[in-house]
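J.: The residues making up each chain are set out below.
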Amino acid sequence: MSPFLDVKDLKIHFPTDDGLVKSVDGVTFSLERGKTLGIVGESGSGKSVTSLGILGLHKGRGANISGEIWLDGEELVGASQEHVRGLRGKKMAMIFQDPLSAMHPFYTVGDQIIEAYRIHNKVSKAVAKKHAIDMLGRVGIPEPGRRVDSYPHEFSGGMRQRAMIAMALSCDPELLIADEPTTALDVTVQAQILDLMRDLQREFDSALIIITHDLGVVAELSDDILVMYGGKCIEFGSADDIFYRPEHPYTWGLLGSMPRLDREPTERLLPIKGSPPSLINVPPGCAFHPRCPYAERTGDKARTEAPALAETEGGHLVRCHMAPAERRALWENEIKPVLETP
Amino acid sequence: MLLFVVSIATFAIFFLVPRLAGMSADDLASRYVGKAANAQVIHDTAIRLGFNDPVIVQYGRFVKGIFVGVDRNYGPGVEHCPAPCLGYSYVSQNPVLPDILNRLPITLSMALGAAVVWVIFGVATGVVSALRRGSFFDRLSMGIALAGVSLPIFFTGIVSLAIFRDQLGLVGDVADWVPFSEDPLTWANNLILPWVTLAFLYAAGYARLTRAGMLETMSEDYIRTARAKGLAERAVVLKHGLRATLTPVLTMFGLDLGLLLGGAVLTESTFSLPGIGKYAVDAISNNDLPQVMGVTLIAAAFIILANLIVDMLYAVVDPRVRLA
Amino acid sequence: MKIRSTASAVAATAALALLASACGGGGGGSKSSTGGGDAAPASQYNAAVTQVVNPSTKTGGTLRMGMPGDFDSVDPGDQYYGYAWNFSRFYTRALTMFKPVPGEEGLQLVGDLAEDLGKPSDGGKTWTYKLREGIKFEDGTPVTSKDVKYAVARSLDKDILPSGPTYFNDWLDLGGYTGPYKMKGKLDDFKAVETPDDRTVVFHLKKAYGGFDYFAMLPQTAPVPEAKDTGSKYKEHPVSTGPYMFKSHELTKRIELVKNPNWDPATDPNRKQLNDSIEVLLGQNEDDLDQRLLSGKIDVKVNSTGVAANARKKVLTDDKVKQYADSALIDRTWFTNINGDVKPFDNIHCRKAVLYAADRSAIQGAYGGPDAGGDVALSLMPPKMTGYQKIDPYGVEANPTGNVEKAKEELAACGQPNGFSTTISFRNERAAEKQTAEALQQSLGRVGIKLDLKGYPQGDYFKLYAGKPDFAKKNNLGLMVYGWGADYPEGFGFFQQIVDSRVIRPAGNTNLGVKDPKIDELIDQAAAETDATKRGAIWAQVDKQVMDSAFILPYVWAHGLFYRPPTLKNVFVSQNWGMYEFLTLSTQ
Ligand SMILES: Nc1ncnc2c1ncn2[C@@H]1O[C@H](COP(=O)(O)OP(=O)(O)OP(=O)(O)O)[C@@H](O)[C@H]1O
Ligand code: SF4
Ligand SMILES: [Mg+2]
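Residue numbers (UniProt numbering), protein chains in the order written: chain A, 1 to 342; chain B, 1 to 324; chain C, 1 to 588.
Some hints here could point you the wrong way.
[Unchecked claim] To give an idea of the chain A side of the interface with chain B (calculated C-beta under 8 Å), a few residues: (1) PHE14; (2) LEU55; (3) HIS58; (4) TRP70; (5) GLY86; (6) ARG88; (7) PRO105.
In case anyone wonders, no lab produced these hints; they're calculated from the structure.
Ideal Cβ positions, reconstructed from N, Cα and C, are used throughout, including at glycine.
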């Protein structure tokens, strides 16, 4: 049986005045119901574009989209806009990063949930409102009957994010995408929200995609992890694969720059030098090579030939010219010891 | 407060400027007598109009009229002009306030009708232009909008009269003012050209403002959210996009309407509509102080009122303002 | 609205073309016709100057009049403009009136409310009028001499009715009477007007005035029923004695007159009641009003000078339109005062030098040329006025551009053979006056008279500047551009305010400095003369004396350019009003 969500070689390119922006340029992964996928990567690596692409929000807006997206046995890249619109909010829903700007300032929180609910359910306003209050209660908003009539600006950041989640969950979506759901929140609230999402996911048995540049978040929630760089998937595997057996030099860098409780937050073990690649003039060869400390190990290949996404073992995919054995050796001998120094 | 400043300024300009120029009370009065009146008549007129009193006393009389009313001898008897009394015209001797109120329906019909037209057309054009940025429609309508804001109304007005009334005979004689209550059809027929001409001038600005606002709003996060909910694009645009864009439009609308209610001077003159604007023009050209004072005060009151209403509506439209 | 005829369609098209300043000249060559089966219209330029155009006795319809501004008042006791007087005869009947006929006959006064003209006695100090029998107010009340007396009495009070002329205030032997408003219930104290019986009115003057029938023509003598008098509010509904009465008067907006059922044609040989109603739209945009007039949507424009500049061009350049237009003298002369207070104009020869040197045809151009502006003036008195005799003391007919030789001779005689410098003032807002000043600068420059141009605001021109002798002298205003129109087409109504030195006051003058005892003397003589022919001869003498004393340089006898839509019936220019006679107009 094919996976619940199966994304194959997804490409989303935007023609602009400056040239073709290859925001997503070959992303492949799959996800089952009840499972959580974490997508990590630097800012601009294409995480959001990927998730919006799954929701079909780039359709008809001048983007070139190719590849395949299979959701519950249905292909979405080729499907009509109207059809995908019908799935949005119901079959798949999204939680956005900054709930203050992602909610309409002129409508009450309740109205916005009611609207979301009534798009897909032919019910009266009153029924929808009951449902909205119910949803607000489920995401842990106190006095939901009163707060339902509040405006977004009258909520605290954490409450707003809860409301946002309530809105996304209002139609029991089978796929939930959370794009940096906690970035705007302080640490304690972050934890609460993550707990909530985990609980709700269990309750609804939905597939969850969590997008973040915070590996800590991913570590806590994810079953699988997708690492993106310059619009490409450069490593995909189970959480164990990524945390204990990472094979891509960029992933090593990410792990090295993960803040840890026992260190000063400013201290970075393996800083990634240089800046993210341009998405218009993508460097030839391996996109990471200008910043990769091991680029010379693969000789000219790093500069001339684009590495393919290849399976090392058991669904663990890596995009690097180095031989798997060499990568593992490097990890075991050079990287892991540094990361584990107390 | 503002009303006081306005009235004092008007008064001062009227009395102090001629005084500085060396005009005596009689000289001033000679503006309000028949042609070739003799010195005695002029002198009597100066006394009747109170020009010999210090300006402050005259102003006091004006203010008193507003709060207490004025008694006037109209010949066979004395009549009371009840508060708020804006006095009597120096020229026609008609009481000012009833004259202005009498003209209010005209200016109101014209301004409100035009407002409906320009808001609908301006906003619709702006929305479509924004959604189809760079398209032929966008460029064409923005070109027309530019023409709209830059062409003077007496030009567009006279040309539209020549074309639609005289040439094509599509509308009737604009000058026959008929109140709505008497004959709504003729009323609308008489006003359609002023509406359209005036709306052309204003719609342009609204189209541009709406277009700019829509372009900004449609890239907001909450629009993306609305789409992510699976909302149809039309609802996204109208319910979420337009709603937010309308706030600055509303501000502009309030100010424009307030100014317009104080008299659309050029439009009323061009179309011979006997509204408040026409009244103001005539009052000024006749040096008719009570009329000028009256119309200035009413216009200022409209502007204040419009601002107040906009502030109130603002709170209705934008809940974030309600808190403050 | 439908376009009424091919002709007006052409006019409308042409008007449009003018506005869009596109192609010139009419393209369509369709022959114009008025459609109805009436006699062929005399559609010819200036046809209505001398004859009745489109004569018709058909009744019905509405006469639609349009006006750029408003009347000074429609209260017969409170109006001063010619068009207001012309209009008020629809609903009022004064003691006398100008005969509503074309040509010179229209200058003749005849009895209106009175059976005949006044009978002077006491050497012209007492005038007696006998009212016609059977005249009623609109409510059926018979008109009596008391109503006339009351009307004159109320018109004296300029506090309540400020706009009318002050002839009665100035000439009646009032003996302290100030009008019925200030002296309530004391009409009997008004001894200057007596009513020995219900049909007789007797006026007593302070001094003899031979032209009193002209005063009796003023609407101030039209009867006003005391019981219905509402003072300054009377204009809302003046009580009618004429063929029409007020149905409504929306102040400053609109007037509607309808037939007066109590008007009896048997009592009124001069009026007809052809229209069912008369509508006047007030406060119209002038350019648009002209356009509607040209397209026949308005039947007649109410003002004193006819169509305005934009439409004038149109009328004069398109023969299709021009055939419905009339250029007519309007009892107004454009002239410049020469200020004897300013040296060297105290010397008559220097003044005469100006009269010789001036290029009058250039100034005629400034005022719009012969059709729209007027004729080159030979003397001050407008030529259609009663008593006018042609004189041309400065040889203008032969030398309309000026006579430089003669001017130089005069300058030499004045002791300024090389000329001199002075200032010329004009009204800023009036382009024609500015161009006049420039034309004079040019033509006087030919003999060495150098002019500084100085414009002043029109509103205060008389109160603060040119009309204030102190100011004029101090600022060296040797020449002052000016112009004057007659109250009525008789010498007194024209000359008295501008050449009688005794009306000069410290400010706000209408006489800008003509000081010649001979003229004053002639005016007194003329005023006292009860024989109209003799009186006319004296006014001609005044005209001559004004030219001889050279305080005034006249250059244009003004014309108005009037338009009569082809559908308008019974149209002619009244010589008296210098505009279309309103009384006869109809549309059927
Ligand atoms: N509509 C678009 N047209 C052109 N470029 C776009 C468009 N949308 C996104 N991009 C570009 O695609 C790139 C990827 O953007 P995306 O928002 O997916 O990054 P991200 O990984 O989510 O980063 P962040 O962590 O900052 O959210 C960015 O450089 C962005 O500028
Ligand atoms: S391909 Fe070469 S450059 Fe790219 S990540 Fe692997 S080692 Fe580094
Ligand atoms: Mg993002």
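J.: Work down the list of hints and note, for each, if the structure agrees.
T.: Against the structure, the hints:
At its closest, the beta carbon of A:PHE14 sits 14 Å from a beta carbon of chain B; the interface hint therefore is violated under the 8 Å criterion. At a threshold of 8 Å, the smallest CB-CB gap from A:LEU55 to chain B is about 6 Å, leaving the interface hint in force. Annotation: A:HIS58 was flagged as interfacial toward chain B, and the flag is violated, the nearest CB pair being 11 Å apart, outside 8 Å. Look at A:TRP70: its Cβ only gets to about 19 Å from chain B, farther than 8 Å, so that hint breaks.
Nearest Cβ of chain B to the Cβ of A:GLY86: about 7 Å, under the 8 Å cut. The hint holds. Residue-level restraint check for A:ARG88 holds (minimum Cβ-Cβ distance to chain B is 4 Å; threshold 8 Å). Because the beta carbon of A:PRO105 sits about 6 Å from the nearest beta carbon in chain B, less than 8 Å, this interface hint is met.
The structure is inconsistent with the numbered hints 1, 3 and 4, although it conforms to all the rest.
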